[in-house]
Amino acid sequence: EVQLVQSGAEVKKPGESLKISCKHSGDTFTNYWIGWVRQMPGKGLEWMGIIYARDSNTKYSPSFQGQVTISVDSSISTAYLQWSSLKASDTAIYYCARARDGLFYFDYLGQGSPVTVSS
Amino acid sequence: QSALTQPASVSGSPGQSVAISCTGTNSDIGGYEFVSWYQQHPGKAPKLVIYDVNNRPSGVSNRFSGSKSGNTASLTISGLQAEDEADYYCNSYTSTTRYVFGTGTKVTVL
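Quick mapping for you: the protein sequence lines, in order, are chains E and A. As numbered in the numbering used here, residues -17 to 101 make up the first sequence, in order. As numbered in the numbering used here, residues 76 to 185 make up the second sequence, in order.
Incorrect hints may have been included.
[Stated by the list, open to error] Some chain E residues flagged as far from chain A (calculated, every beta-carbon gap over 12 Å):
#, residue
1, L27
2, T98
3, S100
[Unchecked claim] Simulated crosslink set (SDA-like; lysine to any residue; CA at most 25 Å straight-line):
#, chain 1, residue 1, chain 2, residue 2
4, A, K119, E, V(-13)
5, E, K41, A, S144
6, E, K25, A, T171
By construction, these hints were calculated from the structure, which means they are not laboratory data. From the three backbone atoms N, C-alpha and C, an ideal C-beta is built for every residue, glycine too.
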């Protein structure tokens, strides 16, 4: 059974750093691109960026370029999303999602990682 | 890259059909056959219901169908049921930023 299991809820202060994770199982990790999607409270889905698990080729939405870093550790089938200095506006639920190389849709998404940034 | 445009809400009675539009540009919907649709119930993760314009993943009801004409894609839900009440988002591959989501549509079953 394919699963994308994300790390749990986080509560952070502005200016702190954070790295959340997404562990893939049930299939060959390196056949997939892993993307990240933001959903701010009461709002819609926003595509942030995506990384190819085989070679770490990464593409960012212009809205998120320079604001976050996406990485992957293929040895443990896990993708990451990190911030070096959080802002209150980063408060949201973050979903990871996978797309098989050569295909252009997300067939599975993780359960979501809620992030709250508040002083 | 602006978000694809969807109506904020649509509604229908049980058994009726509703259609959700998703309008983009030649750089996304109009340029590729890579439109997908996601259903999101409150407090849950989104779930794929249509891919590549008009294909249903295994396990998704055949009451869901998709189409595309020019720069606009559509999701139709036939035989509306209470369980279809949710938010729906379109997504397209785009030559500029790789992917873009729609603004989202709330489907209400009256």
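Each hint tested on the structure:
| no. | hint | verdict |
| --- | --- | --- |
| 1 | L27 | violated (5 Å) |
| 2 | T98 | holds (16 Å) |
| 3 | S100 | holds (21 Å) |
| 4 | A:K119 <-> E:V(-13) | holds (14 Å) |
| 5 | E:K41 <-> A:S144 | violated (28 Å) |
| 6 | E:K25 <-> A:T171 | holds (23 Å) |
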